[in-house]
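This is what each chain is made of:
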Amino acid sequence: MLPSSSSTSSSEPASPDRQYGHARLRRRVLVVLLWTIAGLVVIDVAVGLAFRLPADARSEGSSLQNYFNYGRSIEGKLRYLVGRTPEEDAPIVKSGWLLQDCYVERSFPAGKLGFDIYGMSFSALIADQMTRLDPDLASRQFGGPAAPPNHSYACFLRRFEAKRDLAPVQIVGVLASSVRRMETIGGLTTSFESPMPFSYPRYSLSRDGHLSGHMPSIESANDLRVALSDSDKWRAFEQDLASNDYFYSRSVFQANVFDHSVIARMIRRAWGQRLLNERTDALRGAGGFSGAPDIPPVLGAILVDFAKKARAGGTRPIVILIEDRGYGESLSSIAVPTLKANDIEFVATSTIVSPDDSGNFVADGHFTPAAFEKIARAVLKLFGKDMICNPSTPSRWSPT
Amino acid sequence: MLFNSLAFFCFLACVYVFYRIFPFRLQNWMLLIAGYVFYGFWDVRFLFLIAFSTTVDFSIGMLMADRIMTARQRWTASLFLVGAALFSLCPNWLALRGGFNGSHSAAFFTLQALGLRVLAGTTVFVLIANLMIRAIKRPPTERRRRFYICCSVFVNLVFLGFFKYFNFFVDSAEYALHAIGINPINFRLSVVLPVGISFYTFQSLSYTIDVYRRRIGPTARFWDFALFVAYFPPMVAGPIERARHLLPQLTRPRRIRLIQSMDGIVLILLGLFKKVAVADGIAPAVASVFTSTGTVSRSDIASATVLFAIQIFCDFSGYSDIARGVSKLFGVELILNFDLPYFSRNPSEFWRRWHISLSSWLRDYLYIPLGGSQRGSLRTYCNLLLTMLLGGLWHGAAWNYVLWGGYQGALLCGHRLMTHGRETLPTSSEAIRGTSTLHGGAVRSSRFLPAWLSTPLRIAVFFFFCCYGWLLFRAHSFEQIKAFTAQLLGFGTSGPSVITKPATSALVGIAVLSLIQFVDYRNDCLESFKRWRLPFQGALYATLIFILIMGTSNAPVQFIYFQF
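Chain order of the listed sequences is A and B.
For the first sequence, position 229 matches number 229 in my numbering, and the numbering has no gaps at all.
For the second sequence, position 250 matches number 1250 in my numbering, and the numbering has no gaps at all.
A couple of the hints might just be wrong.
To be verified - Here are the simulated SDA-like pairs of lysine to any residue, each with C-alpha atoms no more than 20 Å apart in a straight line:
hint : chain 1 : residue 1 : chain 2 : residue 2
1    : B       : Lys1501   : A       : Ser62
2    : B       : Lys1501   : A       : Asp324
3    : B       : Lys1501   : A       : Asn66
4    : B       : Lys1501   : A       : Gln273
5    : A       : Lys94     : A       : Lys308
6    : B       : Lys1501   : A       : Ser220
7    : A       : Lys233    : A       : Asn256
8    : A       : Lys374    : A       : Asp357
9    : A       : Lys112    : A       : Lys381
10   : B       : Lys1501   : A       : Asp357
11   : B       : Lys1501   : A       : Gly61
12   : B       : Lys1501   : A       : Tyr70
13   : A       : Lys94     : A       : Ser220
14   : B       : Lys1501   : A       : Gly365
15   : A       : Lys381    : A       : Arg132
16   : A       : Lys340    : A       : Ala312
17   : A       : Lys374    : B       : Lys1501
18   : B       : Lys1482   : A       : Arg164
19   : A       : Lys308    : A       : Phe160
20   : B       : Lys1501   : A       : Gly326
21   : B       : Lys1501   : A       : Tyr80
22   : A       : Lys163    : A       : Tyr103
23   : B       : Lys1501   : A       : Gln65
24   : A       : Lys112    : A       : Gly314
25   : A       : Lys381    : A       : Asp343
26   : A       : Lys374    : B       : Lys1482
27   : B       : Lys1501   : A       : Leu64
28   : B       : Lys1501   : A       : Ala270
29   : A       : Lys381    : A       : Thr131
30   : A       : Lys94     : A       : Tyr80
In case anyone wonders, no lab produced these hints; they're calculated from the structure.
In this text, all values refer to a predicted model and were calculated from it rather than measured experimentally.
Turn these sequences into a full structure, and let the hints steer you where they fit.
Structure, rendered in structure tokens:
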């Protein structure tokens, strides 16, 4: 704090002690401390003002505006993202809702072989590559941001039970990093920095081996809007999260005075990440998902039931095990034995593109276009292995 | 226990509070126990290695002096070693990872077969050693002193060699045998590398070598020497302390000065800033390129290499700063380890500024014993090359470290050839006092360019060479070195860009750190901001704290030098 003779001579006795005297030294330390605190307050206020989020949640803030607001509480972020009317909602509020997306009727262009694909951005990008590689294919994509298999299964189930027109091929994409979200009831708690409001059921296995799902009370953006303005409903939702969402933590969820300070927000961001990492690590355990013994059987039951129902509906089920960076082959290790045992066709991306090679990924964590193409080709190979019977398909997709 | 973890600061707070309360002797006891707790936090089992090194080097230090070990010294050392084997190796420490509940505690007390074997071996060793030492009646002759120092070097290097290099040498031998068509038996062992083994081994070795050279007298009190080896701030990643610098500070009562404590806190802040905000913020970007096995773009390689140069500096000097800062809180000064290394104009200057405690150690205990520069030009070049090759190998058991050492040696030789040996490695006294001048030794200014232009130019050119060295250091295989080098030289195919953006804290932190370092360089004084007016000092500390808080959300990465 004081002009020492520089640290190049740090082993020499501290001469400033003698130079200044103890009392003066203390005073100087105190003054520096006060200036430091004042500096922190000024920086906090200045950064807070300079990087305020835009008043309209629909307009995308700059990366720095987002950066300094990542640590806002989840409730605080929701109150910002959800408008008073659906028109005022931020785009993220609208995506992934089962009620909204899974009942939509969309027909395929004539003369094309259609397939339905459930999952998240990875599965959508694989579908895009497939249709690019083979223009005779058309896809219908159902999913949510980083949606786990329970979202995909719930979506398929709703379409199946509502007797919607199912495409001849039903594909479910399971993302390794989203498997942990099977222990949640929505996208709020596992992405602290950018929570995704959509919800889905959390499945569990009963003693007799049947799947049962717990659906949260909030099933649409409108439900969320109502809950945010009704404290009783909001409390009930929080209670539901506390009971059924493994990743829920009050310290990062509830809005409070710390939302107003940039420094406090950044500390909460670090805390939120730490909590998330700790809980994810606990779920993953030493290998695979050994820390969560209920995940492998529930995932297996979901995939088996999906295949069973898809076949019952006269369609062909395919599963894509998408193993993204940092997850090795943990997903394959828990899912492949079940898929093989039940004769369900699947593609495991780890056999095509190594999840340990960062050269296969772009900066945002998705595969590179080349990697997506390889995966798409592998899925197309499954298509070609056993031609699909569909009167509207072009001749080369007809049964041989 | 990582310096940048909450657990460490809780640990430090407890140690500091008791340190302020206790009298001198108890302070030392507490620091010794704290050292073992700090190290045992990683793996209790390896405490035995530290205990063995401590006992052997203490005993050899005593035997090399003109006196014999007293019964009390022998008993203390013997019981300590046997106790260490019993404590660290016999219980099942791994069972405690799941917590200390009923089943885990039962498993904990299940005696380990390896532990029992080591305990038996240690007991036999101690008995034989005691019998032999008791038989020594006369002061040692020069020949016997040489024998003792050889024992010390042998024991320390055997441990280091086994735990760090065994698999490396086995792999290399297997590879060589395969190349000539022989399929050898698999000798590979699952050896776990003890954290910081190179650091404490070199520190302990410096004591016996200095006693042998009669530069210091032996330490008569066993526990003082044990504290020297296990003093926790520099224990796992340096600075590599010298006995003649650290031991006197540990054996005499210390006075904690306010100015020293304040300096310590500033150093801790600076170290955390470097590590948490900058190094950890850069790490994913560097990893995204260097963990790729496919082709990446040329700009990715160049950017990742420069970023790694910054990462390793901030990571390692950050650790050294925190170690020095923590030590200052206890009234103990550690060796300066980094002195604005990226302002070096040539390799010789770089090694006076980078990892000073290692380069001076290598100079004193390897380069000079090999003959240094006193046996003709050719021998000098060989000595330089060999010293740097072994320095490279010290860093890690992999050929890319050897290659890096060779590269640094070649740079030093090339520079010596050009300057006709007018520049040298730092002297040990410079390192200990930290008085190596910031602008290096005798460096001629260019005949063609003015100094204001030639100095930045030389710094930039040397930084370029230095960065290529870091590419060799960071690469995970020879294939990657070949591929990346070919791409940088314009050969090979350039792939897609895979590099991720460094964290915001790192980008802002690099700018602030560069400014601080530039001001230090201009003022020829480290931490020259301490001379600023108080409001400016406060503003700087507030900025550092703010950026540090920004960096708290970076994924924590283990200190790079822990693996060495």
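Comparing the hints with the structure gives:
no.	hint	verdict
1	B:Lys1501 - A:Ser62	16 Å, holds
2	B:Lys1501 - A:Asp324	19 Å, holds
3	B:Lys1501 - A:Asn66	16 Å, holds
4	B:Lys1501 - A:Gln273	19 Å, holds
5	A:Lys94 - A:Lys308	31 Å, violated
6	B:Lys1501 - A:Ser220	35 Å, violated
7	A:Lys233 - A:Asn256	19 Å, holds
8	A:Lys374 - A:Asp357	15 Å, holds
9	A:Lys112 - A:Lys381	17 Å, holds
10	B:Lys1501 - A:Asp357	17 Å, holds
11	B:Lys1501 - A:Gly61	18 Å, holds
12	B:Lys1501 - A:Tyr70	17 Å, holds
13	A:Lys94 - A:Ser220	8 Å, holds
14	B:Lys1501 - A:Gly365	12 Å, holds
15	A:Lys381 - A:Arg132	15 Å, holds
16	A:Lys340 - A:Ala312	19 Å, holds
17	A:Lys374 - B:Lys1501	26 Å, violated
18	B:Lys1482 - A:Arg164	57 Å, violated
19	A:Lys308 - A:Phe160	11 Å, holds
20	B:Lys1501 - A:Gly326	18 Å, holds
21	B:Lys1501 - A:Tyr80	27 Å, violated
22	A:Lys163 - A:Tyr103	10 Å, holds
23	B:Lys1501 - A:Gln65	17 Å, holds
24	A:Lys112 - A:Gly314	18 Å, holds
25	A:Lys381 - A:Asp343	17 Å, holds
26	A:Lys374 - B:Lys1482	27 Å, violated
27	B:Lys1501 - A:Leu64	14 Å, holds
28	B:Lys1501 - A:Ala270	19 Å, holds
29	A:Lys381 - A:Thr131	13 Å, holds
30	A:Lys94 - A:Tyr80	14 Å, holds
Of the hints listed earlier, those the structure fails to meet are numbers 5, 6, 17, 18, 21 and 26, in rising order.
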